[in-house]
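Each chain, letter by letter, is given below.
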Amino acid sequence: MVDTAALAPAIRRANSKALEILLQGDPVLIDVVPAKDLIPELKEHTILHAGPPIEWDRMCGPMRGAVAGVAVFEGWARDLDEAGVQASKGCFDFHPNHHFSAVGPMTGLTTCSQPLLVVENRAAGNRAYCTVNEGLGKVMRFGGNDESVRDRLAWIRDSLGPALGSALQCCGGIPLRPLVARGLTMGDEMHQRNVACSSLLLRELAPALASAVADHSDLSEMLAFMGSNDQFFLNIAMAMGKSIMDPVRNIEQSTVVTAMTRNGTDFGIRISGLGDEWFTAPVEMPAGLYFPGFSAADANPDMGDSTIVETIGLGGFAMAAAPAVAGFVGAGSVAEAAGITARMREITLGEHPEWTIVSENYQGVPTGIDIRLVVETGIVPTINTGIAHREPGIGQVGAGVVKAPMACFEKALRALGERLGIS
Amino acid sequence: MSVTVNIVRAGVFLDSVVLMQISRELTAIQGVEDAALMMATPANWDILSDAGLLDEDTMAGPGDLLVAVRAQDQAIADSTLQRAAELMERPAQQNNTSQELRPLTLRSACRQLPDANLALISVPGDFAGAEARKALRAGLNVMIFSDNVSLAEEISLKREARDLGLIVMGPDCGTAIIDGVPLAFANVVPRGDIAIVGASGTGIQEVSCLIARAGEGISHAIGVGGRDLTEAVGAISTLTVLDWLERDVATHHIVLIAKPPAPSVVDQITDFIRSSSKSYTVCLVGSDDLALPDNAKLTTTLKDAAAAAVKNSKGLEALPVVQQAPAAGSYVRGLYSGGTLAAEAQVVFLSHRQPVLSNVPVPGAGLFTSERANHIMIDLGDDRFTRGRPHPMIDPAVRDEPICAALSDPDVGAVLLDVVIGFGAHPDPAGHLAGLLDRHGRSGSVVIASVTGTDEDPQVRAKQVSVLERAGVVVAPSNADAAELALAGLKIG
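Those protein sequences? They're chains H and G, same order as listed.
Residue numbers for the first sequence follow the numbering used here, beginning at 1 and rising by one.
Residue numbers for the second sequence follow the numbering used here, beginning at 424 and rising by one.
Hints are computed from structural coordinates only; laboratory data are not their basis.
Don't take each hint at face value.
Unchecked claim - Capping the alpha-carbon separation at 20 Å, the derived lysine to any residue pairs in SDA-like fashion look like this:
hint	chain 1	residue 1	chain 2	residue 2
1	G	LYS557	H	LEU200
2	G	LYS557	G	CYS533
3	G	LYS557	H	GLY378
4	G	LYS557	H	ILE11
5	G	LYS557	H	LEU373
6	H	LYS43	H	ARG122
7	G	LYS734	G	SER753
8	G	LYS557	H	LEU7
9	H	LYS411	H	SER217
10	G	LYS557	H	VAL375
11	G	LYS737	G	ALA637
12	G	LYS720	G	ALA731
13	G	LYS557	H	LEU413
14	G	LYS557	H	GLY275
15	H	LYS411	H	PRO178
16	H	LYS36	H	HIS95
17	G	LYS886	G	GLY854
18	G	LYS557	H	ASP276
19	G	LYS557	H	GLU376
20	H	LYS411	H	PHE225
21	H	LYS36	H	ALA10
22	G	LYS557	H	THR265
23	H	LYS17	H	LEU223
24	H	LYS36	H	PRO162
25	G	LYS720	G	ASN782
Owing to the predicted nature of the structure, the values given are computational and were not obtained by experimental measurement.
Go ahead and model the full structure; you've got the sequences and the hints to work with.
As structure tokens, this is what we get:
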């Protein structure tokens with residue numbers, strides 16, 4: 001017989017602890033290092049992907065496209081066709097990024113030679129990793145895989161990555177907590193909109209980068225690449241989110257969500273009280289706006305580890321800070337955006353003390369998703385997202401907003417109930 | 424042969440989301456194959472090129488806005504470009520005030536209003552208990568408006584409240600006026616020194632309105648739920664309220680309205696009254712079998728309770744003369760939205776030794792099943808009628824069918840109705856009833872009603888009365904008087 005009366009205070013204590021760790025997170029971007037040096041398990045023919053675990057036969061089009069592209073990029077296959085054959089024969093070892101302190105946007109593929117951003121959470125002492133953002137348009141994270149995509153990845157591996165690493169070592173790292181706080185006041189929500197944070201980062205990084213890169217034309221190319229990519233900061237925000245949430249894992253009895261992620265087929269969540277177990281449900285289709293030449297008929301279902309930013313209270317949760325993003329599904333009014341953030345306050349346990357929203361009288365972003373509140377209120381997290389073409393090799397076709405599927409939260413709550421002896 | 428037209432707006436910047444929204448609108452125009460507005464960055468240039476939207480002669484830089492349209496013919500392309508210009512120059516719509524950010528849960532409501540000390544719960548009965556428990560644990564007193572809450576749940580909630588020093592009003596508590604603030608169904612009555620504690624909503628409304636009509640006022644009116652005085656619940660909420668009122672300096676007299684209580688709780692109530700420094704009127708609708716201390720007076724109707732509570736009851740005396748005798752039938756059919764009003768009518772009939780049946784019979788009345796050749800008083804607000812349907816006080820149409828049936832019944836000589844107004848009630852119940860009677864046409868039976876309310880209520884009692892009178896309804900000054908009039912009419916007939 002379970003003492004249910006004692007359970008509520010115990011869960012409250014566990015969640016207070018979770019929230020405290022979450023809010024104390026002190027992420028600093030410290031380095032860029034080749035993946036194989038950070039993740040010893042990342043051998044040749046091992047591919048980390050976005051979302052909960054998935055094998056080749058269930059992967060969506062863009063993820064298959066990216067797998068083929070990365071296999072050619074790594075030199076495991078001569079061309080895309082051979083890569084596809086190898087994949088279907090089981091030549092590659094697939095694992096989620098999340099199992100290796102890493103995250104990746106959209107398809108989120110991480111392989112041995114790619115340089116990874118390193119974010120250190122100085123409050124908890126852990127580190128988390130994410131690839132460098134490739135820019136917009138036809139890119140591997142959206143399933144692009146042609147020569148231009150692979151050439152850009154090679155340039156990031158050979159030039160940009162090492163330069164960023166040197167610059168960060170040189171300047172002693174860039175604290176992200178204050179940078180994100182400023183970005184929020186400038187209209188970013190760190191998922192769909194990173195223009196302010198990308199600019200702020202470039203401003204802080206440029207002097208060190210100039211010292212690190214001897215050749216002026218190389219430097220110019222790097223500055224132009226980062227300066228023309230409004231989403232450059234997204235991958236840093238993601239590594240930051242992972243570094244903040246990982247120490248929140250494995251708190252007995254806690255109902256706080258520690259990860260939300262999608263592989264284009266399944267949406268998965270983890271909760272603190274159930275450690276590394278995934279609770280999955282089919283991903284939903286985003287609603288949004290499309291690039292010229294594309295429509296909703298071309299869209300792939302929701303994908304990517306980038307929902308880690310919603311997990312810490314940014315993205316859709318911080319919509320009130322970035323009203324324009326609300327325009328992907330509605331009129332984009334300030335009131336609409338505020339309404340979305342207000343709904344997220346119904347399912348979260350706290351507010352971030354420094355990440356505040358100017359138009360809400362400097363109220364903090366809602367953070368610490370409690371699965372009990374999600375199930376009780378019927379309100380699921382709102383997620384801002386890019387939209388990939390559902391066929392391999394094409395890339396991004398739009399952007400929009402999507403809901404996390406309720407079934408994940410219900411499954412997690414049932415499982416936790418069983419763990420705690422409530423039938 | 425389609426045409427592709429590009430226009431460059433040099434140095435113009437618009438947000439990409441705004442541009443995508445305009446693009447979507449343009450693409451929906453008949454005859455437009457594709458359209459896009461984009462800042463002419465290299466990446467966007469590639470996208471436009473892939474979409475076949477670029478004119479090879481177009482020159483633009485990353486700081487320029489490119490408007491591109493591919494259409495079936497030049498005329499459509501031109502009008503689409505014109506539309507694009509209009510959409511870009513359209514002023515922002517002012518819709519920020521329309522959306523109020525209302526809390527969706529008790530938790531966020533408490534955050535918005537940290538000083539709140541009472542939650543009014545009006546969700547389907549199956550969920551009311553869970554919400555009430557949350558409210559209690561958040562330190563809030565609770566008024567449960569919902570009905571269909573189980574007895575076990577009620578007992579558990581009331582015990583928890585008592586342990587926390589809080590009160591649960593209800594379930595099925597339709598009425599409260601706390602320190603002058605009306606909650607749910609309540610009337611605009613003056614402030615005064617009389618407190619009302621009642622099991623039911625309409626009983627409290629009728630007594631408070633009659634007190635107002637006699638020129639006096641109310642300190643508090645608190646509903647405790649119809650089962651509070653049962654042995655199972657043990658009068659937990661009634662005793663809590665009496666204890667609070669004992670210490671309330673604004674209250675000098677207390678009216679307790681109840682069905683005859685369980686013997687086990689009678690002693691607790693009478694003991695409390697005996698030791699109290701205040702005076703009481705105890706209105707037991709349907710029973711005069713209760714020994715009370717000297718500081719309490721027993722009444723059996725709501726009208727008598729109001730008369731006993733006020734210092735001067737002259738305003739409650741007048742009775743109109745019956746204008747119209749029932750022609751055919753010899754039985755009265757009462758169709759009530761208020762349960763206590765239905766009970767009071769039974770008491771009046773029984774006091775004249777007229778047998779009466781009801782779906783909510785008072786002691787001495789019979790349970791109505793199907794026998795129609797009787798005086799019958801039906802409470803249409805009973806749980807059995809309201810599950811999944813609105814209460815007749817909110818939607819008077821719920822009563823239409825039974826009224827028509829009664830008017831067509833040759834056995835029925837008079838139809839008795841209550842019309843309850845005030846906050847929460849239908850905006851014009853008299854108007855609805857008048858319309859129904861007009862459509863149904865005149866019949867042999869007389870329609871007698873009373874209006875529970877005041878002239879200060881949003882519906883204005885005097886107006887409701889005159890609407891009814893114009894429709895040929897005999898309007899009595901109180902519910903008890905209406906029952907008396909129905910009986911008097913039968914005697915004339």
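Hint check results:
no., hint, verdict
1, LYS557/G x LEU200/H, "violated, 45 Å"
2, LYS557/G x CYS533/G, "holds, 11 Å"
3, LYS557/G x GLY378/H, "holds, 17 Å"
4, LYS557/G x ILE11/H, "holds, 15 Å"
5, LYS557/G x LEU373/H, "holds, 13 Å"
6, LYS43/H x ARG122/H, "violated, 28 Å"
7, LYS734/G x SER753/G, "violated, 39 Å"
8, LYS557/G x LEU7/H, "holds, 15 Å"
9, LYS411/H x SER217/H, "violated, 54 Å"
10, LYS557/G x VAL375/H, "holds, 16 Å"
11, LYS737/G x ALA637/G, "holds, 7 Å"
12, LYS720/G x ALA731/G, "holds, 8 Å"
13, LYS557/G x LEU413/H, "holds, 19 Å"
14, LYS557/G x GLY275/H, "violated, 29 Å"
15, LYS411/H x PRO178/H, "violated, 36 Å"
16, LYS36/H x HIS95/H, "holds, 15 Å"
17, LYS886/G x GLY854/G, "holds, 10 Å"
18, LYS557/G x ASP276/H, "violated, 31 Å"
19, LYS557/G x GLU376/H, "holds, 12 Å"
20, LYS411/H x PHE225/H, "violated, 43 Å"
21, LYS36/H x ALA10/H, "violated, 41 Å"
22, LYS557/G x THR265/H, "violated, 38 Å"
23, LYS17/H x LEU223/H, "violated, 42 Å"
24, LYS36/H x PRO162/H, "holds, 14 Å"
25, LYS720/G x ASN782/G, "violated, 29 Å"
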